Amino acid sequence: MSIDHLLRKEDERLITGHGKYSADWYYDGMLYAFIIRSPYAHASIGEMDFSAVESAPGVIKVLSHHDVDEAKFKGLPTGTTAQNPDGQTQKIAPMPILAKDKVLFVGQPVAMVLADTLENAINAAELAMIDYDVLDAVTDYASATLDGAPELHAIAPHNRSITYINGDQAKVEEAFRKAAYVSHVTVHSQRLIANPMEPRAVVANYDARSDIVKLHVPTQGVMGMHGFLSHITGLGADKIEIETHDVGGSFGIRSGAYNEYALAILASKLLQRPIKWVGTRSEVILSDWHGRALELNGSIAIDESGKFLAIKFADKVDLGAFNCYFGSFIGTRNISITMSGVYQIPALAMSSELYYTNTVPVSAYRGAGRPDIAYAIERLVDHAANEHGFDKVALRKKNFIPVQDFPYTNAVGTTIDSGDFIQVMDRALELSQYTSFEQRRQDSAKHGKLRGIGLAYFIESSAAGNVAKDQIRGSFTKDGELHIFGVTGASGQGHETSFTQIAADTLGYPVEKIQYTAGQADQKVIGNSTGGSRTLYGAGSAVKNMCQQVIEKYQATAADHLGVSPDSLSFEDGKWVSSAKNLSVTFVEIIQSVLRNPDVQLDDLSVVGEAQSGSTYPNGCHVAEVEVDPNTGITEICSYTAVDDTGVIISPKLVEGQIHGGVVQGIGQAFYERTVYDESGQLLTGSLMDYALPKAGCITKFTCDHIEVATKSNLLGAKGVGESGCSGSLPSLSNAMVDALKIRGITNLDMPFTPSRVWGLLNAQ
Amino acid sequence: MKITINGTVQDIAVNDNTLLVDVLRDQLHLTGTHVGCDTSQCGCCTVQMNGSTIKSCTILALQAQDAQITTIEGLANQGLHPVQEAFSQEHGLQCGFCTPGMIMSTVQLLKDFPNPTDDQIMAGLAGNLCRCTGYVNIIAAVKSAAKKMQGQ
Amino acid sequence: MYPFHYLRPTSILEAKQQILLDSEAKFIAGGMTLLPAMKHRLANPSHLIDIGHLPELGCVEKREAYLVIGAGTKHMTVARDTLVKSSIAGLAELAILIGDPQVRARGTLGGSLANNDPSADYPAAVLALNANIVTDQRTIAAKDFFQGLYTTCLNDGELIQEVQFKIPLQSTYVKLKQAASGYALAGVFVAQYGPNEFNVAVTGVGNGVFRWTDAENALSKNKAIPVLNHDQLMEDIHASGKYRAHMTKVLLEKALTQLTR
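Residue numbers (the working numbering), protein chains in the order written: chain R, 1 to 765; chain E, 1001 to 1152; chain P, 2001 to 2261.
For reference, chain R alone in the conformation it holds in the complex (with noise of 0.2 Å):
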């Protein structure tokens, strides 16, 4: 069949097994490269002897801290530091590449062994002299804060990094004073594990001519990898070529550069040999950064007719044992950003203590603590709802902000642009038959089962990016092909479909004539890596500012062509139209003319598009109806409705796959997905056979519909939708569950909710 007819351009290459992952690249004369990792979770180094290993057959070398410090690498970048308004700053401690005299996680990275065969490299490493002497291991908020605890960093006593303070106190102390209703929550939300299916891994080529090292590594924007690796090795990015095809899948995890990465650079510039390592599951289990891990203690203050005075939170958040990209942040900024959700609340305030376990480093994963505090508000919500015999509809619509009040700006100085909150919520309460709800409670009690049915309306703050601009190069070729680059790398989102779907839009161009390719350097173009669900708004409005200047840059031919004045023309639907004298040209027929001309230079044909687009609010109504089984605490999903604003659309289908993926995330988080360390700090869900992920039917049931609420913020009115699955789907899930064990007398209950959980929750004496 033609390829016409695949929904996707990625398609054709993914679905015949010819797409490229970093594992998939192979050189002549490759080296092999093994970490070897602490089997420890807190510990001093005395001597580190691997002179057994550099003499077993097939080692070329073995790096350790010796050779990191000789090469002058620093530490990971920490991300964002946070900052009080008392001028109280953050302690920060960098994981180092190669550990020294301690280590401080079961997995963190001591030495790279270099042989001709990874086998080769597996039995050397084996032959390790490593003195380790154990010492005792936090791995939780109670243990790791307590007076006389093993401290991780020096720096930071009792392992705290910050205890970071924002908005109002006093004015949220006075609310509560006033309030007529209080309701408390406690809600966590459980470290995870991203687990994309694709492990991590890197090849590394120098080329001594030309002093570039060329990299294959899963990223979600060269630049922004770039960016890191420069940090760490002090070299420009002129110095390392970074070649990405496909990734698979990230979810956030990608963004930052591993320590392996910087290893695989070093040892191919040493040994002048391609350098391949490839993680095993259990391997990146093991040390893939980590994901949420926060603790939130929600409050909220309503007066006597149900409106909503004041929210307060006091959170703990987990940074696992160094300070590592986007930890901080969201342990901060992102838990706070949209502290208010949907709903007008005059007066907030927050608190997170920041703390360092014997534990993986903790950064981003698919919405960064704002499915978090989603969840939390949400819940605090429902609970005072619970409490005080408050409607859950009626309350929120209550406190929602109303369409004529947008912009609007919360207690902590968020601007949320717009949004339509009544009418995506009615639409969610339509499609998920909300009203006829108790008939069904009914029916399933009938049956000894406990139905219930949970509501969630969550608001996200989409990432504000942090490069100056997103900008994309749009050039023809002589043959009638545009070629499109950017910096943004896709792990799945569909970037060569959505891209090159509105160029197709914008230009009135064939999109079979259209690719995308990311990550070309000799494109010289900047922008924002993927991640924050900011790329198709942020990288597309550039896209369409490069059709724009097209546009713009082709209409004095396109007068000449028709014999008009140039301002006489307008541009839509593919053509310029002169109002003056009912004629239009396509640009089809243009742009040909122009390539027609043997004189043309590649140059002329070339323009650089660009755009800066702040955040957006992506926001939605997701509904669940769960029917617990109290007689084996079995949970079934019976219908899953999920209503979102993602403002203008592109790509329909590609929309929709983002919310069903990130709604199972939060199935994931939900339902199956626990890390667990015992008190030594081992990782007892160390691989695929503990860590449960869900599988196809964990749900059947599943309605989406969007509203679309377009935003003025960027060129193309969208909004992002990459991480509001998981927004969405932890709170409506969440709720669902109490209101169906409500009964029984349960008034909250933590992820995951496992039969083993739930029954026993049901049965605790």
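Since the hints were made in silico from the structure, they are not lab data. It is possible that some hints are incorrect.
Unchecked claim - Cβ pair distances, simulated, as ranges:
#1 Asp1112/E with Leu2083/P: 17 to 25 Å
#2 Gln1120/E with His447/R: 49 to 57 Å
#3 Gly2148/P with Asp1112/E: 36 to 44 Å
#4 Asn2044/P with Asp1026/E: 21 to 29 Å
#5 Gln272/R with Gln1120/E: 33 to 41 Å
#6 Thr415/R with Gln1120/E: 49 to 57 Å
#7 Lys178/R with Val2227/P: 51 to 59 Å
#8 Leu2083/P with His447/R: 31 to 39 Å
Stated by the list, open to error - Once the Cα atoms are required to be at most 20 Å apart in a straight line, the calculated EDC-like pairs of lysine to aspartate or glutamate come out as:
#9 Lys1111/E with Asp2081/P
#10 Lys2249/P with Asp629/R
#11 Lys2039/P with Asp1016/E
#12 Lys701/R with Asp1119/E
#13 Lys171/R with Asp86/R
Stated by the list, open to error - Here are some of the chain P residues that sit facing chain R, going by a computed Cβ distance under 8 Å:
#14 Thr2152
#15 Ala2179
#16 Ala2180
#17 Ser2181
#18 Phe2210
#19 Ile2237
#20 His2238
#21 Ala2239
#22 His2246
#23 Met2247
#24 Val2250
All values reported here derive from a predicted model rather than from experimental measurement. Even for Gly, the Cβ is constructed at its ideal location relative to N, Cα and C.
Model the placement of chains E and P on the given structure of chain R, informed by the hints.
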């Protein structure tokens, strides 16, 4: 040892402890078959062997000596297999890493059950994990492929 | 994996000779449990004797009062075989619940029994059906075969050739799967041999498969099914001992409703 891969008899040198997936990827450079885990859970390495689907990461090359292996690259001789088409059209793939294995398992599932029920689909895909799609469109792709293959 | 020697015998006789080459030599059939262990370097055999292709080890036939299944028979075969379904339906029900389709295409009855994983399924069937495990050296009664965590009474180098299951009046298997691994958090096999004669074997809840004699007694006297003592059951990150105890009873109740009494 001799082994037939996608219809071509290959004579390859292997170590006793070489896995079939290593032969496919490292020696034959058929990198469409992926390694996603190390406990035989994920199914990214699924290929056909002598008419059944197996996990190529959990079989020694020598155990597969003289067998007929079909990988994702050899699924369709010309054009696309209806299952491949259906996966694309239904948006049953995003990052594509699980996709070759998912497609191979779907081909098998539809051989066993040409008109599968939801339960049969779930059982048929129980050995394949996906982290991107939430499986919703994968299940739609299986149903669409079933219709295509029944000539509807 | 550590290095080893791979051998493929063409007869049982040859297999018996090859296994003697080294005390660390092991048989491999499907390899569904052995290979993952070797990939994690938890097992380190000197030789792998591949018995996965021996035709003598793959049979499904009825011999008088017994259904006989060759040790090399794959789970997929047991799940689909019409003779299995008609004589011991519980075995077919069990086989289809093992792992996933790809695992069932390779894993074997003999491999599962020789490994005796405390959460494996087949041991429950073998015990409940009073099976005889026929090796190249002797015939072992099921009650003598399973000796605890990953331990059987097999001698080094002893090869399981076939398992003879006593055909019951009816049988069924019910399982609660561990969500990550697919192994049994609890699994109950019920074989009925007389109007009030039920054999009940339980897997997944402790150190190994066992006959639940208290439940069998209760069923024979039409009394209520008791609950296992949870203190003696496995407690892990997936399920508490109390939950396992409770679910074993729930599974047995479900099994009984599945049987047509």
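Hey, does the Phe2210/P contact hint survive, CB to chain R under 8 Å?
Nearest chain R Cβ about 21 Å off; hint violated.
Restraint check, 8 Å cut-off on beta carbons, for Ile2237/P near chain R:
holds, 5 Å
Has the given pair, Lys2039/P with Asp1016/E, been kept, meaning a C-alpha gap of at most 20 Å?
Roughly 13 Å between the alpha carbons, so the hint for Lys2039/P and Asp1016/E holds.
Lys178/R paired with Val2227/P, Cβ distance criterion 51 to 59 Å:
Taking Cβ atoms as reference, Lys178/R and Val2227/P lie about 53 Å apart, which means the hint holds.
Was the hint right that His2246/P lines chain R, CB cutoff 8 Å?
holds, 7 Å
Restraint outcome when Ser2181/P is required to lie within 8 Å of chain R by C-beta distance
Holds, because the Cβ-Cβ distance from Ser2181/P to chain R comes to roughly 4 Å (cut-off 8 Å).
Interface restraint verdict for Val2250/P against chain R (beta-carbon cut-off 8 Å)
Since the shortest Cβ distance to chain R is 6 Å, the answer is holds.
Interface hint status, Ala2180/P versus chain R (Cβ within 8 Å)
This hint holds: Ala2180/P lies near chain R, its Cβ roughly 4 Å from the closest one there, short of 8 Å.
Chain R contact restraint for Ala2239/P - C-beta distance below 8 Å
holds, 4 Å
Leu2083/P versus His447/R beta-carbon gap, inside 31 to 39 Å or not
Between Leu2083/P and His447/R, where Cβ atoms are some 37 Å apart, the hint holds.
Is Lys2249/P close enough to Asp629/R, meaning Cα to Cα at most 20 Å?
Holds - the C-alpha atoms of Asp629/R and Lys2249/P are around 15 Å apart, at most 20 Å.
Can you verify the interface hint for Ala2179/P: is its Cβ closer than 8 Å to any Cβ in chain R?
holds, 4 Å
In the structure shown, a violation is registered for the earlier hints numbered 2, 5, 14 and 18, in ascending order.
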